[in-house]
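S.K.: So the chains spell out like this:
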Amino acid sequence: MHIGDQELVTILKKENNKELAFQLLVKKYQEKLYWHIRKIVLDHDDADDILQNTFVKVWKNLENFREESGIYTWLYRIATNESLTFINSKKKRSMLPLNEAGDYLMDNLEADAYFEGDEMQKKLQKAILTLPEKQRLVFNMKYFDNMKYQDMAEFLDTSVGALKASYHHAVKKIENYITVNE
Amino acid sequence: MDELNNIAPKLSGIKKDPPFRVPENYFEDLPARLQSRIAQLDDTKKEKPNTIVRILKPALGLAASFAIIFMLVYWPLSKFQGKYAGQNQAGTEAVDENYYSLVAGLDENSLYSLLQENETEEQFNDEELASYLSTTFNDYDLFAEIK
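In order, the protein sequence lines correspond to chains A and B.
Our numbering applies: residue 1 is where the first sequence begins, and numbers increase by one.
Our numbering applies: residue 1 is where the second sequence begins, and numbers increase by one.
If you are wondering where the hints come from, they were derived from the structure by calculation, not from laboratory data.
Don't take each hint at face value.
Stated by the list, open to error - Within a straight-line C-alpha distance of at most 35 Å, the following computed DSBU-like cross-link-like pairs (lysine-lysine) qualify:
no., chain 1, residue 1, chain 2, residue 2
1, A, Lys-57, B, Lys-10
2, A, Lys-164, B, Lys-16
3, B, Lys-79, A, Lys-90
4, B, Lys-57, A, Lys-27
5, A, Lys-91, B, Lys-79
6, A, Lys-13, B, Lys-15
7, B, Lys-57, A, Lys-122
8, A, Lys-92, B, Lys-57
9, A, Lys-57, A, Lys-92
10, B, Lys-16, A, Lys-126
11, B, Lys-16, A, Lys-14
12, B, Lys-16, A, Lys-142
13, B, Lys-10, A, Lys-122
14, B, Lys-57, A, Lys-173
15, A, Lys-14, B, Lys-15
All figures in this text were calculated on a predicted structure; none of them were measured in a lab.
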């Protein structure tokens, strides 16, 4: 059963069939959102928690969705915010300095039973973890998801120019990391 | 892609496939797990009274406890003490009033005779008198007094 976003939103806002529409929404976007979150936090269990929290938040705030942006943009924003909030809370709990969330994520990567990449892919992930938070997001969205800058600008509330520059810097840094750690 | 090749040849040589996997049937089971979590959430929401009452509940409980303590201890105690103190005060005032009106009604002679009357009420026998005089006065004083 294929149903458009606009139609989904209309059904979601009505009390009858709301649950059914929500199920359809979950089925439609769960994988995209999961992989977006997983690339940020790396660990499967963390990604699962965050994905569930994202959908719970969506369920709770359906009435507040003002349709100024598409439902997908809204979902992506919530998922991104939930992921960053999660990492920040981990940083606070482990008393890490603000720029060292990478250490927590690096541990996640090393301990992740569901990581099945080769050595080079692991090195790439480690290189990504050396990037600042925003650059990491931009790199993941562009490099792995091949997302358009225009869409990214909507999700991250940033200009296209800034995103292009950010991606360029990220690529340079990663290339340098791989070269140095060969 | 060509641009990436030019600026980052090593990066572009790495496999782009996601290196992560998920547990078996993860995406198939997720909607059901979410549904039950949301159902729980809705049940809790139904059970909860409205937000203001929920926020004020601890404060209201505390206020009620103080009110009960006040009703059971402070109020009866203060009521009882107040009544007792009132009675005592009223009694003292009545006695004072009677005393002053009695004294005001007396002239000097009546008061003197009244005092005299009280003094003469005491009766001494001769022995007691002799003993009192011998302990209080010496012989010379007694002689001078008689003379």
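S.K.: Please go over all the hints and tell whether each is borne out by the structure.
M.R.: Consistency of the hints with the structure:
Using a Cα cut-off of 35 Å, the hinted pair Lys-57 of chain A and Lys-10 of chain B is violated, with the two alpha carbons roughly 40 Å apart. This hinted pair checks out: Lys-164 of chain A and Lys-16 of chain B have alpha carbons roughly 20 Å apart, not beyond 35 Å. Taking the CA atoms of Lys-79 of chain B and Lys-90 of chain A, the gap is near 59 Å; set against the 35 Å cutoff, the hint is violated. The hinted pair formed by Lys-57 of chain B and Lys-27 of chain A fails the criterion: a straight-line CA distance of about 40 Å is larger than 35 Å.
Between Lys-91 of chain A and Lys-79 of chain B, the direct Cα distance comes to roughly 60 Å. Violation of the 35 Å bound is thereby established for this hinted pair. Taking the CA atoms of Lys-13 of chain A and Lys-15 of chain B, the gap is near 43 Å; set against the 35 Å cutoff, the hint is violated. For the suggested pair Lys-57 of chain B and Lys-122 of chain A, the alpha carbons sit about 53 Å apart, so the restraint of at most 35 Å is broken. A distance of roughly 32 Å separates the Cα atoms of Lys-92 of chain A and Lys-57 of chain B; the hinted pair therefore holds under the 35 Å criterion.
For the hint pairing Lys-57 of chain A with Lys-92 of chain A, the CA-to-CA distance comes to about 23 Å; that is within 35 Å, so the pair holds. Distance restraint check for Lys-16 of chain B and Lys-126 of chain A: the Cα-Cα separation of roughly 15 Å lies within the 35 Å cut-off, and the hinted pair is therefore satisfied. A C-alpha spacing of about 42 Å is found between Lys-16 of chain B and Lys-14 of chain A, which places the hinted pair above 35 Å, so the restraint is violated. Note on Lys-16 of chain B and Lys-142 of chain A: the hinted pairing holds, with a Cα-Cα distance of about 12 Å set against a maximum of 35 Å.
Using a Cα cut-off of 35 Å, the hinted pair Lys-10 of chain B and Lys-122 of chain A holds, with the two alpha carbons roughly 14 Å apart. Only pairs whose Cα atoms come within 35 Å are accepted, and Lys-57 of chain B paired with Lys-173 of chain A is rejected, the gap being roughly 56 Å. Proposed proximity of Lys-14 of chain A and Lys-15 of chain B is contradicted: the alpha carbons are some 45 Å apart, above 35 Å.
Of the numbered hints stated above, those contradicted by the structure are hints 1, 3, 4, 5, 6, 7, 11, 14, 15, listed in ascending order.
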